[in-house]
Amino acid sequence: MRTDDFWAVISRATADRPASPADVAKRAAADLATRDPEEIVAWGRHLDKVMVASGTQDLWAAAYLINGGVGEEGFDSFRGWLIAHGRDAVARSVKSPDSLADVAVVQAAADTGAVFEAEEVLSIAADAYEQATGSPLPEGERPVTRPEVGDLWDFDNEEEMQRRLPKLSALFLAPPD
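Using UniProt numbering, you'd call the opening residue of the sequence shown number 1 and step up by one each time.
No lab work stands behind these hints: they were computed from the structure. The beta carbon of each residue, even a glycine, is placed where N, CA and C say it ideally should be. Heads up, a few of these hints could be off.
Said to hold, decoys possible - With a Cα cut of at most 16 Å, we get these calculated EDC-like pairs of lysine to aspartate or glutamate:
no. : residue 1 : residue 2
1   : Lys-26    : Asp-127
2   : Lys-49    : Glu-141
3   : Lys-167   : Asp-4
4   : Lys-167   : Glu-120
5   : Lys-26    : Asp-111
6   : Lys-26    : Asp-98
7   : Lys-167   : Asp-102
8   : Lys-26    : Glu-141
9   : Lys-167   : Glu-119
10  : Lys-49    : Asp-111
11  : Lys-95    : Asp-58
12  : Lys-49    : Asp-5
As the list claims (entries may be wrong) - Label-pair restraints from in silico Cβ distances:
no. : residue 1 : residue 2 : range
13  : Val-105   : Gly-69    : 15 to 23 Å
14  : Pro-175   : Leu-152   : 22 to 30 Å
15  : Asp-16    : Asp-151   : 13 to 21 Å
16  : Gly-140   : Ala-114   : 45 to 53 Å
Using the sequences and the hints given, assemble the complete structure.
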């Protein structure tokens, strides 16, 4: 599956109407369910590629700041939320995780404590395959989509967080005394 074809599914799921990530996932799964099972599997493999590409330490640190701490599943779910916002949101966040500080809902979350997660986006292919075939998505070899927890820099080190993610740190960390 081509990258453009992968993102077209997400674009159609968000076209002409604001949608929650859950709605995006539901619409995308319904769209994919009309296709050949092999194409659904290919879409799921491409989702794995997006997860690998977005599995950076600094993006994980951004999710950690924004959501008030996240583990492995929380980081995956945060990236599901990003994917539900489309190709540009993912590309911008991977290139510069600190750019998330410029997003209005993220800015508001500094005051409201809102958490950004969309686990359902990560199961679009599985849901579509089951709708199309009545069977579970075949299990294939899955790539590692994030660094090992033991390999991460210390997200609780505020000085390092301020150095790597200054704009997000200004929003989510207490100002220094």
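Consistency of the hints with the structure:
1. Pair hint Lys-26 plus Asp-127 holds up; C-alpha atoms about 8 Å apart against a cutoff of 16 Å.
2. Restraint check for Lys-49 and Glu-141: satisfied, since their Cα atoms lie roughly 13 Å apart, inside the 16 Å limit.
3. Note on Lys-167 and Asp-4: the hinted pairing is violated, with a Cα-Cα distance of about 31 Å set against a maximum of 16 Å.
4. A threshold of 16 Å between alpha carbons decides the hint, and for Lys-167 with Glu-120 the separation of about 29 Å lies outside it, so the pair is violated.
5. A distance of roughly 30 Å separates the Cα atoms of Lys-26 and Asp-111; the hinted pair therefore is violated under the 16 Å criterion.
6. Between Lys-26 and Asp-98 the CA atoms are separated by roughly 29 Å; this puts the pair beyond 16 Å, and the hint is violated.
7. Among the hinted pairs, Lys-167 with Asp-102 is consistent with the structure: their alpha-carbon atoms are about 8 Å apart, no more than 16 Å.
8. The hinted pair formed by Lys-26 and Glu-141 fails the criterion: a straight-line CA distance of about 25 Å is larger than 16 Å.
9. For the hint linking Lys-167 to Glu-119, the alpha-carbon distance of about 26 Å lies beyond 16 Å, and the restraint is violated.
10. Distance check on the hinted pair: Lys-49 and Asp-111 sit about 34 Å apart at the alpha-carbon level, beyond 16 Å; violated.
11. This hinted pair checks out: Lys-95 and Asp-58 have alpha carbons roughly 10 Å apart, not beyond 16 Å.
12. At most 16 Å may separate the alpha-carbon atoms for a hinted pair to count; Lys-49 and Asp-5 meet this at roughly 14 Å.
13. For the hinted restraint 15 to 23 Å between Val-105 and Gly-69, the CB-CB distance of approximately 19 Å keeps it satisfied.
14. Restraint check, Pro-175 to Leu-152: a C-beta distance of roughly 25 Å satisfies the suggested window 22 to 30 Å.
15. Remark: the range hint 13 to 21 Å for Asp-16 to Asp-151 is contradicted by a beta-carbon distance near 42 Å.
16. Separation of Gly-140 from Ala-114 is about 35 Å and departs from the stated range, judged on CB atoms against 45 to 53 Å.
In the structure shown, a violation is registered for the earlier hints numbered 3, 4, 5, 6, 8, 9, 10, 15, 16, in ascending order.
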